[in-house]
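J.: Those protein sequences? They're chains A and B, same order as listed. Quick note on the working numbering: the first sequence kicks off at 1 and runs consecutively. Quick note on the working numbering: the second sequence kicks off at 1001 and runs consecutively.
Simulated from the structure, these hints should not be mistaken for lab results. Where is the CB? At the ideal position from N, CA and C, for every residue including glycine. Just to be clear, a hint being listed does not mean it is correct.
Said to hold, decoys possible - Derived, one-sided and incomplete: chain A residues facing chain B with beta-carbon distance under 7 Å:
| # | residue |
| --- | --- |
| 1 | GLU30 |
| 2 | ASN252 |
| 3 | PHE338 |
| 4 | ALA366 |
| 5 | ASN369 |
| 6 | GLY371 |
| 7 | VAL374 |
| 8 | TYR402 |
Stated by the list, open to error - Here are the computed lysine-lysine pairs in the DSSO-like style, where the Cα-Cα straight-line distance is at most 27 Å:
| # | chain 1 | residue 1 | chain 2 | residue 2 |
| --- | --- | --- | --- | --- |
| 9 | A | LYS397 | B | LYS1310 |
| 10 | B | LYS1070 | A | LYS388 |
| 11 | A | LYS28 | A | LYS155 |
| 12 | B | LYS1207 | A | LYS388 |
| 13 | A | LYS7 | B | LYS1306 |
| 14 | B | LYS1310 | A | LYS388 |
| 15 | A | LYS419 | B | LYS1067 |
| 16 | A | LYS393 | A | LYS427 |
| 17 | B | LYS1310 | A | LYS231 |
| 18 | A | LYS419 | B | LYS1070 |
| 19 | B | LYS1202 | A | LYS388 |
| 20 | A | LYS231 | B | LYS1306 |
| 21 | A | LYS427 | B | LYS1207 |
| 22 | B | LYS1310 | A | LYS393 |
| 23 | B | LYS1067 | A | LYS155 |
| 24 | A | LYS430 | B | LYS1306 |
| 25 | A | LYS151 | B | LYS1310 |
| 26 | A | LYS393 | B | LYS1306 |
| 27 | A | LYS427 | B | LYS1306 |
| 28 | A | LYS419 | B | LYS1207 |
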Amino acid sequence: MGVSTFKGGVHPYDGKDLAKDQPIVEIKPEGLMVFPLSQHIGAPAKPIVAKGDHVLVGQKIAEAGGFISAVVISSVSGTVKGIEKRLTAGGTIADAIIIENDKQYETIPGFGEKRDYTKLSRDEIVSIVKEAGIVGLGGAGFPTNVKLMPKDINKIDYFLVNGAECEPYLTSDYRDMMETPEEIIGGLKVVLSIFPNAKGKICIEDNKPEAIARLSEMVKDEPNIEVLGLKTKYPQGGERQLIYAVTGRKINSSMLPADAGVVVDNIDTIVAIYEAVCLQKPLVRKILTVTGDAVAHPGNFRVPLGTNYQEVIAAAGGFKVAPEKIISGGPMMGIPLFKLDIPVAKNSSSILAFQHDQVSAEPTTACINCGRCVAACPENLMPTLMMKAALSKNSAKFEALYGMECIECGCCSYVCPAKRPLTQGFKQMKRRVNGERRAAAAKAKAEAAKKAQQEEAKKAEEVKK
Amino acid sequence: MENTKLLNLSANPHIRDNITTSSIMRDVVIAMIPTTIYGVLQWGLNAALVVIFTIAFAVLSEYVYEKAMKLPITIGDWSAAVTGLILALNCPPDIPVWIPCLGAVFAIIVIKQLYGGLGHNWMNPALGARCFLLISFAGKMTSFTPVGADTFSGATALAVLKADHGATVSLVDEFIGRIPGTIGEVSKICLLIGAAYLIIRKVISPKIPCVYIATVAVFTFLFGGFNLMFTLEEILGGGLIFGAFFMATDYVTSPITPNGQIVFAIILGILTGLFRLFGGSAEGVSYAIILTNILVPAINSVTIPKAFGKEGSKS
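Sequences and hints are given; from them, build the entire structure.
T.: Written out as structure tokens, the structure reads:
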């Protein structure tokens, strides 16, 4: 048995009271539906519909573009208007399928019909998950079917359901746990049927005692499933921190959880797996929390994928005051938004609107070497020294300080009394180092090719002689 | 629906803790108030003037320098006040007031600002200035005012012990502060109250002070004739408690790595013991700290811990 937490971390104000008791409300979108082809990690999907096509709820509209990629499913019935460039929550402009919603919500045959997962083979389950377009719904968007196919299924001895929800303000996973606990347990049973040696653990931070009690009660007769309370501390839900807290095993940036015998999926992903396998509903929705002190009626919403963010905010009563900052995701790791004319995607996270932006209000001053960042870093890094390397763009020094292990959780910037933008510096530096690595690899490849060519020429020369 | 006002953008995180540099420095000043009050009550007006003027000159010289160099004015971060106060508390109570004032100017301009200001100095400014004053005004800086009607005619407890190993100094007097010494170093009880405040407020960790004091204790016990009484008198008699909790813990001039902090504290302890037992002076804390300050970058660079999940790897 491992420990129940990790070293480092912070305790920010959690703000969850704003939305935690608001039941999930279903949104019926009015406007155009936009389905970006890239709403997951990996290659963009390839569209299989054309302008003028009629589509149904649950119909596949784009095929996976590679091994690490995901299909895209329509969440409405209606007519394809075309494929256009659209702004996404991540700030990039990407190709997207535009569908005019006929509001009939006509579904594909079999949609929502019950299915007994015990009669399905492992490969069938993985294939259903793949065809349902399921990716990690915690925000990363890694294709779930790939996670369900590790090299050695017998080596996996833990399947962790990540219900930590350690980001302040966010409550969608909590609502999932309170409202559809049977789907979480059902989904976990489905994936456990794939891994013969795995134990299922539903991991929840102990600031959600109602959820822990509820799920514990429901699994008391399940010998292979356990509900685990974790110490409330950010970033308890970080993959590496969660695995360490539960199993005592450590993984680093060059390892996958499967290398430590673990698979981790977020609560909503498990629900999506249940819906796809047992209810024949592919991934067509996302649970979002809309919250923050600028939102009129903070709450939790079940939103069809492709819905415009403006409609989601309108469903929460709009803004009571003009926000200074809007964030896609939580306050610690979320991405700031500059426009709301963007679609809800699989990798979208919650919407958080603040009346006041705390970051711009506080000037950056000199580092006093206080070491708070060192104490807060869950990756045991030296942020203050890494920042010196980052400011002088010294890649070698940055790597020697294990800078590439940074998970960009934001703890160092959060605790810094001098309000230094440490996380920002590391994000830039990691990109720089990755760029340099790619360039070096490309150069090495080009040189190898050149050498091969020369040798070829030499041989040809010799043959001629 | 669309906002007319432009939205703020910045990299994550979007929230910040309430603690600021000035709140930390203010806590350090608050922690030194008990020992300052004790010193002023014990020695009277001149001690009070030393404290007030040294702080004033420290803050003023920071302001004037920054104004002259067209730099942002940083006196609001309380760090200059901390330097002034530590320097004042390191001076004998009857010193002519202009001497610590000169020291304050030296601390702020030469040791702190010329190296780039707060965070960039490699030596503790107050201690650097104290050593500058000790060398420049050796007599004035080491002539201590007797306490009450008794006893050592102005020699500090450590000087008495140094002159005569067999002498005994009342531990109770040392603990309360009824001994000659600098304004702020004598009352161990007041210093420990302040230190407890800093530890509870999480401004400092007890790691460096505790390892430092323990190392001095072991060193003194081993090389001071296995005399427990003598060891205790050495710990409580001089500036060790003040130095360990308030100066060795200076963020800027102590290591950042967890193991480096232990190495730093052990070196401090050994140097202090060496200077006290085998050196010319009865005291050694100030010199030990500023000398070890020089080693901090080297200590940091050899004590970088392995990242999470990288423990087994070589790189």
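J.: What hints, given by number in increasing order, does this structure fail?
T.: Numbers 1, 11, 21, 23 - these are the hints that the structure violates, sorted from lowest upward.
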